[in-house]
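**Student:** Sequence:
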Amino acid sequence: MDLKRISGMTRLLHSVRSVAFSEFINDQSLNQRQINFVHKIINHMEQNGYMENVAVLQKPPFDKPISFLKLFDVRTRTALMKAINDVRENAVTVAG
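In terms of numbering that gives the first Met the number 0, the sequence shown has 9 at position 10, counting the first letter as 1, and numbering is strictly consecutive.
Simulated from the structure, these hints should not be mistaken for laboratory data.
Just so you know, not all the hints are guaranteed correct.
With a straight-line Cα cutoff of 20 angstroms, these simulated PhoX-like cross-link-like pairs (lysine-lysine) come out [claimed, not checked]:
(1) Lys58 to Lys39
(2) Lys69 to Lys58
(3) Lys39 to Lys63
(4) Lys81 to Lys58
(5) Lys69 to Lys81
(6) Lys39 to Lys69
(7) Lys39 to Lys81
Since the structure is predicted, the reported quantities are computational estimates derived from the model, not experimental observations.
Given these sequences and hints, build the entire structure.
**Tutor:** Put into structure tokens, the structure is as follows:
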């Protein structure tokens with residue numbers, strides 16, 4: 000795979016992540032802890048391309064200072080997991 004193609008895929012995945020998580024970053028009802036958690040997810044994806052499994056959210060560094068399950072209500076957790084899965088599906092499609 001050539002560098003130009005890799006660079007294009009990287010930009011595309013960054014765009015997909017930005018769109019997928021923009022609603023959470025712009026959500027006025029989230030508190031600072033919740034916004035920081037969303038940023039942890041985005042940072043993880045920036046470093047790894049995507050999140051292989053949402054079960055990672057129960058492990059370090061996502062389990063501190065408060066767990067994912069305690070930090071968000073069911074609706075928000077479900078929406079976050081959907082966004083994570085959407086990014087993963089797009090990443091696999093682009094790479095495949």
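**Student:** Check the hint pairing lysine 39 with lysine 69 against an upper bound of 20 angstroms on the C-alpha distance.
**Tutor:** holds (16 angstroms)
**Student:** Mind checking the alpha carbons of lysine 69 and lysine 81 for me, to see if they're no more than 20 angstroms apart?
**Tutor:** It holds: about 18 angstroms lies between the C-alpha atoms, which stays within 20 angstroms.
**Student:** Just to be careful, I want the Cα atoms of lysine 58 and lysine 39 compared with a cutoff of 20 angstroms; is the pair within it?
**Tutor:** holds (12 angstroms)
**Student:** Would the hint linking lysine 39 and lysine 63 be met if the CA-CA limit is 20 angstroms?
**Tutor:** holds (11 angstroms)
**Student:** Please verify whether lysine 81 and lysine 58 have alpha carbons no more than 20 angstroms apart.
**Tutor:** At roughly 18 angstroms apart (the allowed maximum being 20 angstroms), lysine 58 and lysine 81 satisfy the hint.
**Student:** Assess, step by step, whether the Cα of lysine 69 is no farther than 20 angstroms from the Cα of lysine 58, and give holds or violated.
**Tutor:** Holds, at about 14 angstroms.
**Student:** For the pair supplied as a hint, lysine 39 and lysine 81, is the alpha-carbon distance within the 20 angstroms limit?
**Tutor:** holds (16 angstroms)
In summary, this structure violates none of the numbered hints.
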